[in-house]
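**Q** So the sequence lines, in the order shown, correspond to chains A and B.
Read in our numbering, the first sequence has 73 at position 73, and its numbers run on one by one without any break.
Read in our numbering, the second sequence has 168 at position 168, and its numbers run on one by one without any break.
Hints were generated in silico from the structure; no laboratory data involved.
Among the hints, erroneous ones may be present.
[What the hints assert, rightly or not] Straight line, CA to CA, 30 Å or less: simulated DSBU-like cross-link-like pairs of lysine-lysine:
#: 1; chain 1: B; residue 1: K77; chain 2: B; residue 2: K167
#: 2; chain 1: B; residue 1: K167; chain 2: B; residue 2: K91
#: 3; chain 1: B; residue 1: K17; chain 2: A; residue 2: K40
#: 4; chain 1: B; residue 1: K159; chain 2: A; residue 2: K58
#: 5; chain 1: A; residue 1: K40; chain 2: B; residue 2: K159
#: 6; chain 1: A; residue 1: K40; chain 2: B; residue 2: K91
#: 7; chain 1: A; residue 1: K40; chain 2: B; residue 2: K167
#: 8; chain 1: B; residue 1: K91; chain 2: A; residue 2: K58
#: 9; chain 1: B; residue 1: K17; chain 2: A; residue 2: K58
[Said to hold, decoys possible] To list a few chain A residues with every Cβ distance to chain B over 10 Å, as calculated:
#: 10; residue: E6
#: 11; residue: P9
#: 12; residue: D12
#: 13; residue: L15
#: 14; residue: E16
#: 15; residue: M17
#: 16; residue: F20
#: 17; residue: N21
#: 18; residue: A23
#: 19; residue: E24
#: 20; residue: S26
#: 21; residue: G63
C-beta atoms are modelled at their ideal positions from N, C-alpha and C, and glycine is treated no differently.
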Amino acid sequence: MYAGRELSPDLDEELEMAAFNDAELSHEMSTLRQTVDLLKNDPGPEFTEESYQRVLMKIYARGGNIEPRAATPIHMQYQLPMQG
Amino acid sequence: MPNDAPRESLAEKRLLKALSEGDPNALGQIYEIYGERIFRFTYRFLGNRTDAEDATAETFLRVLRRSAELRADGAFKTWLFRIARNLCIDKLRQHKLLELPPDTPLEGSEERTTLRVTVHAALNQLPQEYQDPLVLCDLEDLSAQEAANILEISVPALKSRLYRGRKALRDKLGSLMEGT
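Whole structure, please, built from the sequences with the hints as guidance.
**A** So this is what it looks like as structure tokens:
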């Protein structure tokens, strides 16, 4: 039931002690924890810059008024000196 | 279990208030905060990047359209995920997507990739009532309370489905568990 290590350390230790003398419980806990670890270690799909921008474009295209905190556009990043 | 009460920072509360008052900057900032998580969540449901981008965009559009309903009571995150989930369910009904995505990431060793593909294939074969808590709690790291709110079920019911889902996934993975 608590294969995701949701218990407090004290209760977790009690569970471990109970499992120590119970091979079936021990196996159950071990395999369930491995299953949960497999899921928790999954890095998930990457939210690439391209995806980020495409989502924004979709929002704009469907009428959404959105102004994300984007980096300064390239053309505004450099201030060239005025030379007369 | 981690603290089950969803908390929002003071800054986020101000942001939501601004959104409900029609501030266009507010939606952008909310997208900055939650965009990646919603994308990842919808991708796990839908299995491909294009549909996930579409569902993510639609989620934030719905937030905008329904911003008048926003309450500063700590429920925004669960509300957001619920919108995303409902959109994914609608899309799945339309497309009946059951296969792994063609753009499954191939980074990492071949063995790790194979393992990830196997785990996701097994997850996708589970009934939706088992997939939901596994995705929300074990993949997206939401608390039991948050997941229960998103699914509109009680926390005990959520924990029960989570436990049965983990067992079902473990059983599907079968020999993979025995060998490690």
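**Q** Minimum Cβ separation between N21 of chain A and chain B greater than 10 Å?
**A** The claim stands: N21 of chain A keeps its Cβ more than 10 Å from every Cβ of chain B (closest is about 22 Å).
**Q** Please work out if K17 of chain B and K40 of chain A have their alpha carbons no farther apart than 30 Å.
**A** violated (34 Å)
**Q** Can we trust that E24 of chain A is non-interface, i.e. its beta-carbon lies farther than 10 Å from all of chain B?
**A** holds (14 Å)
**Q** P9 of chain A clear of chain B by more than 10 Å, beta carbon to beta carbon?
**A** holds (13 Å)
**Q** Say whether it holds or is violated: D12 of chain A keeps its Cβ farther than 10 Å from all Cβ of chain B.
**A** holds (12 Å)
**Q** Taking C-beta pairs only, is L15 of chain A more than 10 Å away from all of chain B?
**A** For L15 of chain A, whose nearest Cβ neighbour in chain B is about 14 Å away, the distance exceeds 10 Å, so it holds.
**Q** Verify that the Cβ of G63 of chain A lies farther than 10 Å from every Cβ atom of chain B, and report whether the claim holds or is violated.
**A** Its Cβ does come within 10 Å of chain B, the nearest being 8 Å, so this is violated.
**Q** Taken at face value, is the distance from the CA of K167 of chain B to the CA of K77 of chain B at most 30 Å?
**A** holds (28 Å)
**Q** Is the Cα-Cα distance between K40 of chain A and K167 of chain B 30 Å or less?
**A** holds (15 Å)
**Q** If you draw a straight line from the CA of K40 of chain A to the CA of K159 of chain B, is it 30 Å or shorter?
**A** holds (17 Å)
**Q** The output says S26 of chain A does not contact chain B. Does that hold with a beta carbon cutoff of 10 Å?
**A** holds (14 Å)
**Q** Compute the least Cβ-Cβ separation between F20 of chain A and chain B, then decide whether it is above 10 Å.
**A** holds (20 Å)
In terms of the numbered hints stated before, the structure departs from hints 3, 4, 10 and 21, listed from lowest to highest.
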